[in-house]
Amino acid sequence: MSADPQVAPDALGQLRFHHLGFATRSCEREAETLALLGYAPEGEAFIDPGQGIRGLFLVGGGPRIELLEPLRGAKTLDPWLRKGIKIYHHAYETPTIDESIVRARDAGARLVSGPREAVAFDHMRVAFLMLPSMYMFELVDTAGRGE
Amino acid sequence: MRYPVSTDDRLNRIFRDVFADDSISIEDATTTEDIEGWDSLAHINLMFSIEDEFSMKLPDEEFAGAGSVGEIKRLLEEHVG
Chain C
1 MSADPQVAPD ALGQLRFHHL GFATRSCERE AETLALLGYA PEGEAFIDPG QGIRGLFLVG
61 GGPRIELLEP LRGAKTLDPW LRKGIKIYHH AYETPTIDES IVRARDAGAR LVSGPREAVA
121 FDHMRVAFLM LPSMYMFELV DTAGRGE
Chain V
1 MRYPVSTDDR LNRIFRDVFA DDSISIEDAT TTEDIEGWDS LAHINLMFSI EDEFSMKLPD
61 EEFAGAGSVG EIKRLLEEHV G
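Top line first, the protein sequences correspond to chains C and V.
Residue 2 in the numbering used here is what sits at position 2 of the first sequence, and the numbering runs on without skipping anything.
Residue 17 in the numbering used here is what sits at position 17 of the second sequence, and the numbering runs on without skipping anything.
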C-alpha cells in the first residue's frame with residue numbers, strides 16, 4: 001500500500017494535515033494542561049510580531065497542536081478568546097500554496113490573511129482562509145522545502 | 001398582500017441573525033464600535049450572510065475595509081447586478 005493516509009485526494013491540491021491551532025492566553029499554562037493527555041513541546045516557543053502572536057507546537061498521542069497566545073496589545077486572537085473558542089483552525093501543508101488559494105477561493109472560501117511569511121515555519125508562506133460554513137483553515141507552503 | 005422587503009430590512013435581519021440579538025436596529029452610521037462583538041470573525045460571517053441573501057459576491061479586500069453599515073450598503077449597490 002503506497003498511499004499516504006495523511007494526504008487527502010482533495011480539490012485544493014494534495015493537502016497534508018499539519019496541526020490544530022489553539023487560541024490561548026498562555027502557552028505555558030495550556031501546555032501544562034495538555035501534558036495530562038500526553039502532549040509535550042516540540043521545540044522552543046516562537047514569536048511572530050507580524051501576526052501578533054507567540055506560539056508553541058506540541059506533539060503527543062493525537063494530532064500536532066499549535067498553541068497561540070496574543071502578544072501584548074495584539075487583537076489577532078480576540079474573536080476566539082472572547083468566545084472561549086479554543087480550537088480555531090486546522091492547518092494543511094501544500095506544495096502549491098498560490099494554486100491552492102485560487103482553488104479554495106473559486107470554491108467559495110475567503111482569504112482572511114496572507115499569504116505571508118510565518119516565523120513558525122522558517123518564514124515559509126502561510127495563508128488563512130474561511131469557508132462559508134465558517135470553518136477556518138491555514139495553508140502552509142512547503143515549496144522549496146528539502147524533503 | 002405582500003410588500004417588497006427593503007435592503008435595509010434584509011440587512012437588519014442579517015445583523016440580528018449574525019449577532020443573535022433581535023434588538024439590533026442598524027442605520028447607515030452604525031459602525032463596528034456600535035455593535036458588541038462586531039470583530040473580524042463576525043465581519044466575515046456578515047459577508048457570507050450578505051452574499052447568500054443577495055446572491056452575489058463581494059470582493060474580500062473591499063468588504064474587509066467596510067467598517068459601517070453605510071459602507072456595506074455602498075458596496076452592495078456597486079456589486080448587485
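Honestly, the hints are just simulated from the structure, not real lab data.
We put the CB at the ideal spot given by N, CA and C, even for glycine.
Don't take each hint at face value.
[Claimed, not checked] Pairs of lysine-lysine residues, derived as DSS-like cross-links and limited to a Cα-Cα distance of at most 30 Å, are as follows:
(1) V/Lys57 x C/Lys83
(2) C/Lys75 x V/Lys73
(3) C/Lys83 x V/Lys73
(4) C/Lys75 x C/Lys86
(5) V/Lys73 x V/Lys57
(6) V/Lys73 x C/Lys86
[As the list claims (entries may be wrong)] Partial chain C-side listing against chain V, Cβ under 10 Å, derived:
(7) Leu71
(8) Thr76
(9) Arg82
* Identify every previously stated hint that the structure contradicts and give their numbers, smallest first. => Numbers 6 and 7, in rising order.
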